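Trainee: What follows is the residue order along each chain.
There are 2 protein chains.
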Amino acid sequence: MYAARAWRAARLDSARMPATRLDLEYDGTAFAGWARQPGLRTVQGELERALAVVLRRPVAVTVAGRTDRGVHAWGQVASHAGPPAAARALNGVLPADVAVRASAPAPEGFDARSDARSRTYCYRVLNRDQRSALERDRALWWPHGVDRDALHACAALVRGRHDFTAFTPTRSDHVRFERDVHDARWVERGDVLELWITAEAFMRQMNRILVGTMLQIAGGRRSIESFATLLLEARPRADAGDSAPAHGLYLASVRYADA
Amino acid sequence: MYAARAWRAARLDSARMPATRLDLEYDGTAFAGWARQPGLRTVQGELERALAVVLRRPVAVTVAGRTDRGVHAWGQVASHAGPPAAARALNGVLPADVAVRASAPAPEGFDARSDARSRTYCYRVLNRDQRSALERDRALWWPHGVDRDALHACAALVRGRHDFTAFTPTRSDHVRFERDVHDARWVERGDVLELWITAEAFMRQMNRILVGTMLQIAGGRRSIESFATLLLEARPRADAGDSAPAHGLYLASVRYADA
Numbered sequence: 000m001y002a003a004r005a006w007r008a009a010r011l012d013s014a015r016m017p018a019t020r021l022d023l024e025y026d027g028t029a030f031a032g033w034a035r036q037p038g039l040r041t042v043q044g045e046l047e048r049a050l051a052v053v054l055r056r057p058v059a060v061t062v063a064g065r066t067d068r069g070v071h072a073w074g075q076v077a078s079h080a081g082p083p084a085a086a087r088a089l090n091g092v093l094p095a096d097v098a099v100r101a102s103a104p105a106p107e108g109f110d111a112r113s114d115a116r117s118r119t120y121c122y123r124v125l126n127r128d129q130r131s132a133l134e135r136d137r138a139l140w141w142p143h144g145v146d147r148d149a150l151h152a153c154a155a156l157v158r159g160r161h162d163f164t165a166f167t168p169t170r171s172d173h174v175r176f177e178r179d180v181h182d183a184r185w186v187e188r189g190d191v192l193e194l195w196i197t198a199e200a201f202m203r204q205m206n207r208i209l210v211g212t213m214l215q216i217a218g219g220r221r222s223i224e225s226f227a228t229l230l231l232e233a234r235p236r237a238d239a240g241d242s243a244p245a246h247g248l249y250l251a252s253v254r255y256a257d258a
Numbered sequence: 000m001y002a003a004r005a006w007r008a009a010r011l012d013s014a015r016m017p018a019t020r021l022d023l024e025y026d027g028t029a030f031a032g033w034a035r036q037p038g039l040r041t042v043q044g045e046l047e048r049a050l051a052v053v054l055r056r057p058v059a060v061t062v063a064g065r066t067d068r069g070v071h072a073w074g075q076v077a078s079h080a081g082p083p084a085a086a087r088a089l090n091g092v093l094p095a096d097v098a099v100r101a102s103a104p105a106p107e108g109f110d111a112r113s114d115a116r117s118r119t120y121c122y123r124v125l126n127r128d129q130r131s132a133l134e135r136d137r138a139l140w141w142p143h144g145v146d147r148d149a150l151h152a153c154a155a156l157v158r159g160r161h162d163f164t165a166f167t168p169t170r171s172d173h174v175r176f177e178r179d180v181h182d183a184r185w186v187e188r189g190d191v192l193e194l195w196i197t198a199e200a201f202m203r204q205m206n207r208i209l210v211g212t213m214l215q216i217a218g219g220r221r222s223i224e225s226f227a228t229l230l231l232e233a234r235p236r237a238d239a240g241d242s243a244p245a246h247g248l249y250l251a252s253v254r255y256a257d258a
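First to last, the protein sequences are chains A and B. Reminder that position 32 of the first sequence reads as 31 in numbering that gives the first Met the number 0, one-by-one numbering, no gaps. Reminder that position 240 of the second sequence reads as 239 in numbering that gives the first Met the number 0, one-by-one numbering, no gaps.
Pulled out of the complex, with its shape left as it was, chain A reads as follows (with noise of 0.2 Å):
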């Protein structure tokens, strides 16, 4: 009873609290993932440590989408407690491989993944003959048959609201496996085929199985109708396709209430 009044209580305080806002751009090929782990080269550890430099005291970030080894991001968003760290005083400390794009007040007791409203993914295909210099860490290279008019029926599919066990590792930590997923959408850009696709939260690996699974698809080795089976039965995840590769994938941008 006591305990139950006193985590209220500090839950009250850090409503209260002043707190900020980070919008970061990150390269993810050297990074080992968003999360903090010991002995490895993470986005959280490098911010951290920058933020540690630039504000003089212990500092723990809260992220909207903990992005997995090798995973990009252009809008992704942490917080903080406590007021804001010159943007580019951080810039000036962090690696060059992530950067802050803003650093702001945010309303009091601002947290970057509990008052997160929707994700926006997006995942690159580049669709030639031969593989790519610039592109290399920054899009998958599929050199395969693509049948357009395939994967937007798959993107159709996924739009809504249904039970992505398929999509996720057997291991995990998830408790409930519906999502919902505001919008999905194939976009084609020169020989870079996109997927953008938006929802409340994603689990661990989603967007990579999605995709694996959709390229074989649109590449005639699994039917349309088997798809829209593991969305409808809650398939186990074998029944998916092969999860697509870190490096195509971008955590794009992220919506709060009030933006």
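Note that these hints are calculated values from the structure, not bench results. Careful: at least some of the hints might be erroneous.
Here chain A is said to cover these stretches of chain B; the calculated rule only asks that three of the stretch's residues, wherever they fall, bring their Cβ under 8 Å from a Cβ of chain A [unchecked claim]:
(1) 83–93
(2) 108–119
(3) 132–139
To be clear about the criterion: a stretch of chain A counts as covered by chain B if any three or more of its residues have a C-beta under 8 Å from a C-beta of chain B, and this derived list gives those stretches [claimed, not checked]:
(4) 24–32
(5) 89–97
(6) 132–140
Among the chain B residues that face chain A by a calculated CB cut under 7 Å, a handful are [unchecked claim]:
(7) Asp-96
(8) Ala-98
(9) Arg-100
(10) Thr-228
(11) Leu-231
Given the structure is predicted, the values throughout are model-derived calculations rather than measurements. The beta-carbon is built from N, C-alpha and C at its ideal position, and this holds for glycine as well.
Since the structure of chain A is provided, determine the placement of chain B on it from the hints.
Mentor: Just chain B, lined up with the frame of chain A:
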């Protein structure tokens, strides 16, 4: 007399030889430029090494645009005598930061350098307050004011035939300093400003000095009239602005008579 005849005969032989056109893309970041130099990592060095491995004979290439250290290419064109190697085989041997987009038979005697009718370059300027992680080696970060109208006025002045003495290093191998600029225009894509410029040929560092000078004008540190004077009166190099860094520059494409 005999020497001249032998030389002409060799030329005619070469004009009758089968030739190959190579379309190349590269990330210039880790290269000491295009041209082969002993002990340095160059694009030409890597390409000729790969051609020798695949074709099992020494191969010398010529190139449409000899790019400097750090300059990238989307559409470089090179040529060599003899039939083509398979693009896929070359890409299997080449390092990840250079890629062959096509390797195909060309008209007899095709020479990527002397047959080129024009080259198109693109210079990319990231105009925003904070630096970028993903564009760090791909665009000049320019967190300063940029008067778009001034940029467009500069581009208009550059179009046409001018003496570009002010826009190439004083010590150079060039014998004439007039160049015919077919087109020059600034295009805005999000927070990136791109100068697209096409000419029959360029002098060394010409594009980078043009961009460096234009950015001074767009920042109010130099007048448009002074820019016109540089072009009309063949002023010395010292009268133009700094050379913009190499990592914003791309050889975009090369045009040939039959294309």
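Trainee: Hints first: check each against the structure and report whether it holds.
Mentor: Evaluation of the provided hints:
no., hint, verdict
1, 83–93, "holds (count 3)"
2, 108–119, "violated (count 0)"
3, 132–139, "holds (count 4)"
4, 24–32, "holds (count 3)"
5, 89–97, "holds (count 4)"
6, 132–140, "holds (count 4)"
7, Asp-96, "holds, 5 Å"
8, Ala-98, "holds, 4 Å"
9, Arg-100, "holds, 5 Å"
10, Thr-228, "violated, 36 Å"
11, Leu-231, "violated, 37 Å"
When the structure is compared with the earlier hints, violations turn up for hints 2, 10 and 11 and for no others.
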